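Work from the hints to combine the two standalone chains into their complex.
Protein chains in written order, with our numbering: chain A, 1 to 113; chain B, 1 to 590.
By construction, these hints were calculated from the structure, which means they are not laboratory data. Warning: the hint list may mix true and false statements.
[Claimed, not checked] To give a feel for the contact side, a few chain A residues facing chain B, derived at Cβ under 10 Å:
| # | residue |
| --- | --- |
| 1 | L9 |
| 2 | L17 |
| 3 | L19 |
| 4 | P26 |
| 5 | K31 |
| 6 | L38 |
| 7 | G39 |
| 8 | G41 |
| 9 | V42 |
| 10 | I48 |
| 11 | S77 |
| 12 | T79 |
| 13 | L88 |
| 14 | L89 |
Bear in mind the structure is a predicted one, so any value in this text is a computation, not a measurement. Glycine is no exception: its CB is placed at the ideal position from the N, C-alpha and C atoms.
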Amino acid sequence: MSAVTVFGLCAAAAVGLGLYGLIANPQPLRKIIAFNLLGSGVFLLFGIVGRRGAAAGFGNDPVPQALVITGVVVAFSATALAIALLLLLFQIAGSTTLNNRTAASPRSDPSGH
Amino acid sequence: MLPPAPALVTTAGGFLLVLSIVVPVAGVLLAFALGERYVRQVASTVVPVGLAIAVAVLVLLPRSDGHLVYLLGAWPPPLGVALRADGLSAVMLATTAVVICAVAIFAATDFRPQSVEARAPFAFWILLLAIWGALNTIFVAGDLFTLYVALELLTFAAVPLVSLDGRAETLRAALRYLLFALLGSVLYLMGTALLYGLYGTLDIELLSHRVSADSGVLIAAALMTTGLLAKTALFPLHLWLPPAHAGAPAAASAILSALVVKGSFFILVRLWFDVMPGLPGLAAAQLLAALGTGAIVFGSVVALRQERLKLLIAYSTLAQIGYLFLMFPLAFGASGKLESDQALAGGLLQAVSHATAKAAMFMAVGSIYTGLGHDRITGLRGVARALPLSVLAFAIGGIALMGVQPSGASLAKELLLQDTARTGQWWWAVVLQAGGMFTTAYVVLVLSHAFAPSDQPITLIGPAPLSRDLAALALALCSLFLGLLPWDSYLPVPYDATSKLFGIDALSKLLLPVLGGAALAILLSPWPHPLGSSAAWKALMRVVGPLRRGCLRFGSLIERGDEVLRQWSAAGISLLLVSLLLAASMFAAN
Chain A
1 MSAVTVFGLC AAAAVGLGLY GLIANPQPLR KIIAFNLLGS GVFLLFGIVG RRGAAAGFGN
61 DPVPQALVIT GVVVAFSATA LAIALLLLLF QIAGSTTLNN RTAASPRSDP SGH
Chain B
1 MLPPAPALVT TAGGFLLVLS IVVPVAGVLL AFALGERYVR QVASTVVPVG LAIAVAVLVL
61 LPRSDGHLVY LLGAWPPPLG VALRADGLSA VMLATTAVVI CAVAIFAATD FRPQSVEARA
121 PFAFWILLLA IWGALNTIFV AGDLFTLYVA LELLTFAAVP LVSLDGRAET LRAALRYLLF
181 ALLGSVLYLM GTALLYGLYG TLDIELLSHR VSADSGVLIA AALMTTGLLA KTALFPLHLW
241 LPPAHAGAPA AASAILSALV VKGSFFILVR LWFDVMPGLP GLAAAQLLAA LGTGAIVFGS
301 VVALRQERLK LLIAYSTLAQ IGYLFLMFPL AFGASGKLES DQALAGGLLQ AVSHATAKAA
361 MFMAVGSIYT GLGHDRITGL RGVARALPLS VLAFAIGGIA LMGVQPSGAS LAKELLLQDT
421 ARTGQWWWAV VLQAGGMFTT AYVVLVLSHA FAPSDQPITL IGPAPLSRDL AALALALCSL
481 FLGLLPWDSY LPVPYDATSK LFGIDALSKL LLPVLGGAAL AILLSPWPHP LGSSAAWKAL
541 MRVVGPLRRG CLRFGSLIER GDEVLRQWSA AGISLLLVSL LLAASMFAAN
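The following block holds chain B by itself, in its conformation from the complex (with noise of 0.2 Å):
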């Protein structure tokens, strides 16, 4: 009566995915039992171990079928639990491993145990590896309750990485981070109870087999979908975002923003399409684009209004996740199912083109930090004279970013862009290249107050040690080539995508966004410009003054928007209203 389920032994290689589990594991425990003296040893151990791991899946997977299956004990789902991974499960775990590494990088010159009081570097290391193990057990578990106990992990360990300086304005982020994450998790923990009560598994591969339009399993859906939606903060449910990632220390920040949010994001993927491709429905999916529309113009808008470096880039992650959601709708495929197409490569690039070059700019603004004591946008002039490495290593990863080619951001639009043509969505063709445009303007905001000469040469307050700027721009080089890499024998890309990146036909596509971007920077930041005196831009201000004074409104008032949006009780009410809807849209697809 059970159905044949695919793949329930034990492939060769199988043994690297709880390798890569139980490493980082290994070395959180090692460096409780060995104490602070010995903790950077455990960890410059650790982390290349950890890399080396990662490499060996993606070198194995392609040679095994696509997929690398290990059945803890030997028994087979549904009496035991597998661990599986796919083309998915080895980019990110090598992305994970890449990031993590040059995090390492950057962070050995700055949480030195004798430099730093208390213990602050030791709780980073060892939080640093728990991330890591529950990432890795994220990306290769095989059930949905090996799912939720990685989350949470992955929840322990952030936290507390955001008030790793025990200042009070981070420890209330941490707390607010902490308890809207639970609330999340409670809910996909619900739906986890009643999608076992119906099938009798949390297998993801027989779950799949099994599953039917029943009323629990869409409530369920709804639920899970919630939960995993407030872990990933998608707009209106970012009230913990801002704060968090702006107040932890910089590679803390680069680790929250480029991978930890990335963790919820691919269980919400393996839900949607792989244990139930059928099921949500277009509905569903458009409101998921939606909310990622929201993102990208909340986002994107307040980012651009922020006086603090840190916290608009912190505000940029919160628009790059609302892109990530984009894939969803575009992934339907005839049939009205997800199918696991080319969006969904599309989908996966771009969160892993955020991931490096995110990093890569959190690193970068830590430098600028140390270096000048703030990051105040309006005290950057003449920092790209003082600091030409970290504000190069900030350019070119906001010029991956924004999908400048060969950039993989640039290779996700493409994809993404082919699919709304093949869909016929193309509102969503829109919102893609607004968010380019978006991206664009708070990266040509920051670069133009840098390259502004400043009349009097900057004295930097802090040591800026060399070591720190290459982990940060090689990230960000990292990013900027990941286009040109091979990803067909993991991800569903076809081939001729790669070769469009280059022409005239990819320079017009190009100048579209940079200047639009140019000319929503210059709309929407309330900040005076270093060129302000410059009788050039005084003639520009003539002409488009009214407009912008328009525009600045605007921005002030979806400012004040997210402000009420991101207060406790309207965050709750967001995530009953997007549940209901959720349940609502799928209930009305089946």
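Looking at chain A on its own, in the form it has when it is part of the complex (with noise of 0.2 Å):
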């Protein structure tokens, strides 16, 4: 088995893993912890790419490093601004459930009657 094909299989295993648990978790922290997660296999996935460049005859292919450093940065902010909402969730609600249903239901109007 090539290095190729274990990265490849890496980042397959860290998708679907990130996957499962953005969908599966009701905790918007652990969400986020998988979003990472995901967005890690995808970079991974990219890493594998600029790899396959070498094949051409080149050392590495400079492209899909760029992409990833990119990608990281837009990761990072956007883990930032999630955890950033989350204190803020937690500070004013006292809980960080997103279920609607503990809330005030969107029905009732607090200004009514």
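Listed below in structure tokens is the structure:
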């Protein structure tokens, strides 16, 4: 098994775990971590893509590396924004559930009646 | 060995594309540097300049063969990055500029630094400019990775707009929106990685020459399409849209509903029509339109059952997003390829008219909300007398949206209907007509409450500045007269389509949705009508009573289904299912 295959399988595993966590976990913080895992899988995939450029005679294809760095920055800012929102939500509501049922239902209008 | 790619030089006026991105971004940075005191001055300088740039692009585009290109650093792709604008980009740039201008005028009285607590006004103006910059990048980007970055910028600017007022409810909505949007963008990024691995470029023009029906490409296409659908909130991936759009302040809702969802829709159009027109196949396009039909039915029925006006409009956005996806199967030519033809023009026109009309409606509702202190539909009686301009703006926006001549929506519907006849797909004609009726239904419902006479005069609790209503009204009128504009230098609109907008024929086409819509409003809305005590109403109820009870039961069933689908796990599973179905139908077609 070549290195590319091993890394490819790792990327697939990370993506699968991340997808599962993002969909199945009810906790927002865990969702954020799962998103990062999912993102790491995709970045690994970009790395493999760059590695395949080596077959064409290059040491490594630099473009995917540049894309990964941009992607990491984007994922980092996304995580920061999500954590900031989550912290604010915890400060205001005292819990971090995303479930709307526990909150006021959208039908009720506080100013009405 | 590389196929020759056209237009690899910067054209005259290409720098305008750079300016359209740089000016809003510079505004954001400047506002940060100068601080809260000068944020409005910065915005009021940047907004007219941005509008002027959009107009300049509109003027220059037909003179330079319908394409503007700018090569960053003069490096041609695949090494460099190109910015490109065609007719679609120019139209969307102009729409965005017009809507942002109107919203800025509307918000100028709302988000005064001294009038509102904390940092909300500062954040609003910065986010407004950031959204503008991100959208312009989406419209002129020439490669898929730039599109990814722009898409993320758009999300990061849109999410805080949802939670501007900092209530727990809106924070929750913002967090849901962010997490689901991130899931969508990761799927898009995964597809980009696959495409780069296969072809070594992400430039749209180069890719369109190189793609072939490889299994990797089809998987990439399915992943990217699903990711973009999640960001556009096409049914059943709409869990984040209603709370996010209904919870935000009026000016923010207008931007979110009118423009932000169009960003990812535009990328989807680029992907399907420009990158791989031959690959997705008719089955996948039918699937998209079927999801669109689901969106129309669910969005409209649930909208008719909402008690709050803002939620009604948010659900109507859901339905209108579905309407946009009806163009995909109609755009297939005889060769089995997607053709950038009149169906595409119809879809884009629908997007433009929805953007203008929906922004106007949200702004009008914002005025009504500040005036009355609530936006319950049942409490609207007499509001037409108290706030005539707001209600007028809402009415004109609604009339434009339901496709009354000469609105953009009517021209779009005409174009799409012609294509259903041309391609023999009569079932989409049925959906198009039903969609028009549903739109009419919720507009008529709101107007019938607003125009009902009130026993006692309404006392307004908030101020109603004239400039806000005028901004909404101008935008609504803009949407109403879109059908009269000369589209043919930007979009493939056949010359005779506009002439069919008037006459006896057009009148009969108008009556059908209006009557159908009124019937739907009576049958599906559970709220007591102000005229409910009149004799005529009671006579009507004796006739249609049983039918109405059945329809209401159907409506509550749909509403419960919508609640289930908006659970996180259900939406996640639908996301996986949609991507699997898309991949399967694409594999079957190739």
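The hints, checked one at a time:
1. L9: 15 Å, violated
2. L17: Cβ of L17(A) sits 13 Å from chain B, so the hint is violated.
3. L19: Cβ of L19(A) sits 8 Å from chain B, so the hint holds.
4. P26: 7 Å, holds
5. K31: 5 Å, holds
6. L38: 5 Å, holds
7. G39: Cβ of G39(A) sits 6 Å from chain B, so the hint holds.
8. G41: Hint holds; G41(A) Cβ to chain B Cβ min 8 Å, cut 10 Å.
9. V42: 5 Å, holds
10. I48: Holds: closest Cβ of chain B sits about 7 Å from I48(A), inside 10 Å.
11. S77: 6 Å, holds
12. T79: Interface hint status for T79(A): holds (9 Å vs cutoff 10 Å).
13. L88: 6 Å, holds
14. L89: With a minimum Cβ separation of about 4 Å from chain B (threshold 10 Å), the hint on L89(A) holds.
Against the hints set out earlier in the document, violations occur for numbers 1, 2.
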